[in-house]
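A.B. asks: Using the hints provided, position chains B, C, D, E and F relative to the given structure of chain A.
6 protein chains.
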Amino acid sequence: MKYGARNAIKAKVKSVKKGDVMSLVKFDVTDPAEMASVLTTESLESMDLKPNDEVLLVVKAIHVLPVKE
Amino acid sequence: MKYGARNAIKAKVKSVKKGDVMSLVKFDVTDPAEMASVLTTESLESMDLKPNDEVLLVVKAIHVLPVKE
Amino acid sequence: MKYGARNAIKAKVKSVKKGDVMSLVKFDVTDPAEMASVLTTESLESMDLKPNDEVLLVVKAIHVLPVKE
Amino acid sequence: MKYGARNAIKAKVKSVKKGDVMSLVKFDVTDPAEMASVLTTESLESMDLKPNDEVLLVVKAIHVLPVKE
Amino acid sequence: MKYGARNAIKAKVKSVKKGDVMSLVKFDVTDPAEMASVLTTESLESMDLKPNDEVLLVVKAIHVLPVKE
Amino acid sequence: MKYGARNAIKAKVKSVKKGDVMSLVKFDVTDPAEMASVLTTESLESMDLKPNDEVLLVVKAIHVLPVKE
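Protein chains in written order, with my numbering: chain A, 13 to 81; chain B, 13 to 81; chain C, 13 to 81; chain D, 13 to 81; chain E, 13 to 81; chain F, 13 to 81.
Possibly wrong hints are sitting among the right ones.
Note that the list lumps identical chains together, so a pair holds whenever it fits in one copy or between two copies.
To be verified - Computed cross-link-like contacts, PhoX-like style, restricted to lysine-lysine with a CA-CA straight-line distance of at most 25 Å:
id, residue 1, residue 2
1, 14, 24
2, 62, 29
3, 80, 30
4, 80, 26
5, 80, 38
6, 62, 80
7, 24, 38
8, 38, 22
9, 80, 22
10, 14, 38
11, 24, 80
12, 80, 14
13, 24, 62
14, 26, 62
15, 62, 38
Treat the hints as calculated values from the structure; they're not laboratory data. Every value quoted in this text rests on a predicted model; they were computed, and no experiment measured them.
Bound-form chain A, shown alone (with noise of 0.2 Å):
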């Protein structure tokens, strides 16, 4: 399988809380990762963001799709 997106996370399930309508899901991520993001070049440019620079990937949980083989 080949995704679109340039983040894919091995994870292991740790918890459910199942809601009514919608339910949220927690990982332990298991491998040492790598992540990237996509931001205009003025936001990038006003962060002065360069290598070894230390950040906060900030993701709301919404935009986490589990994928599960």
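C.D. replies: The following block gives chains B, C, D, E and F in isolation, referenced to the frame of chain A:
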């Protein structure tokens, strides 16, 4: 700072590719991470996700927000 | 009305499931549709997408915006 | 493969436009499709959506994830 | 027109930067606006959000959909 | 703090509706705001957006990330 997001992953910038309007940045994740996903309860049930299941967490790079202190 | 989006698909409501904060609506697509995706050029190349390739277009329900005239 | 998403639409690549960082791909949907949307219950009620209503489903191309087997 | 979205903000185009595949448009918001956010109840509780708290609402430009009548 | 996002809007919490898994928060925008959108160049051209055009900026509540210092 407190973020209204379940995923906040520590990482270090590895490379930057600057485009005309959009840019692509790659990161090494530096800490063992936990992640979370919100999905419909219907999807949860059709995937039959339960603790210890192995999954792939797919995230489009556009949904990853870098924050630098 | 003109929308800043490449996908505008005609559909008919099939069912509604109302939850406390979020609700899930299902639709039948009524017209033959064309769709579009934006992805990183890196993902495009690693997938080696070319005309006539068969793919699955995966979209989380949260990203689908219904508009009613 | 099982996806944590309510929309998985069969399609065929029609054209590819490769940019410096981002690329745009167009598809023909090959099967009659069903789609799903998650929205706030407040939006549902203010739209007064009910079975057989005709709507337009608007999706930004960036939210469409192609998967190729 | 009725939109399945809680945020619909009146604005005027200020500048346009056209790129090869993606473009960036800036707007002045012309009316006093109200905004809404959906987040996990877990995030809400860990942020301890309550009336009159001052916050920053961060939105990636890719999630803003312009509509023109 | 620097964010990899073009929109960072100052606001004050107005109301909170707590659900089982997801919650909805409303805000009053307290400062005159500027906003930005990224869309495909194709969409830009088909909308024929130019300075001084009046538009509606539609954003699903799920894409709004509150940050509290």
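A.B. asks: All hints, please: hold or fail.
C.D. replies: Here is what the structure says about each hint:
1. 14 - 24: Classified as both: same-chain Cα gap 20 Å, cross-chain 15 Å, threshold 25 Å.
2. 62 - 29: Between copies only: 10 Å across chains, 38 Å inside a chain, cut-off 25 Å.
3. 80 - 30: within (18 Å within a copy, 28 Å between copies)
4. 80 - 26: within (14 Å within a copy, 28 Å between copies)
5. 80 - 38: Answer is both: 14 Å inside a copy and 23 Å across each meet the 25 Å cutoff.
6. 62 - 80: between (35 Å within a copy, 11 Å between copies)
7. 24 - 38: both (8 Å within a copy, 23 Å between copies)
8. 38 - 22: So residue 38 and residue 22 pass the 25 Å test inside a copy (13 Å) and across (17 Å) alike.
9. 80 - 22: both (10 Å within a copy, 19 Å between copies)
10. 14 - 38: Both, since 24 Å and 17 Å are each at most 25 Å.
11. 24 - 80: both (10 Å within a copy, 24 Å between copies)
12. 80 - 14: Both, since 14 Å and 5 Å are each at most 25 Å.
13. 24 - 62: Cα proximity of residue 24 and residue 62: across copies only (9 Å, versus 32 Å in one copy).
14. 26 - 62: between (34 Å within a copy, 8 Å between copies)
15. 62 - 38: between (31 Å within a copy, 10 Å between copies)
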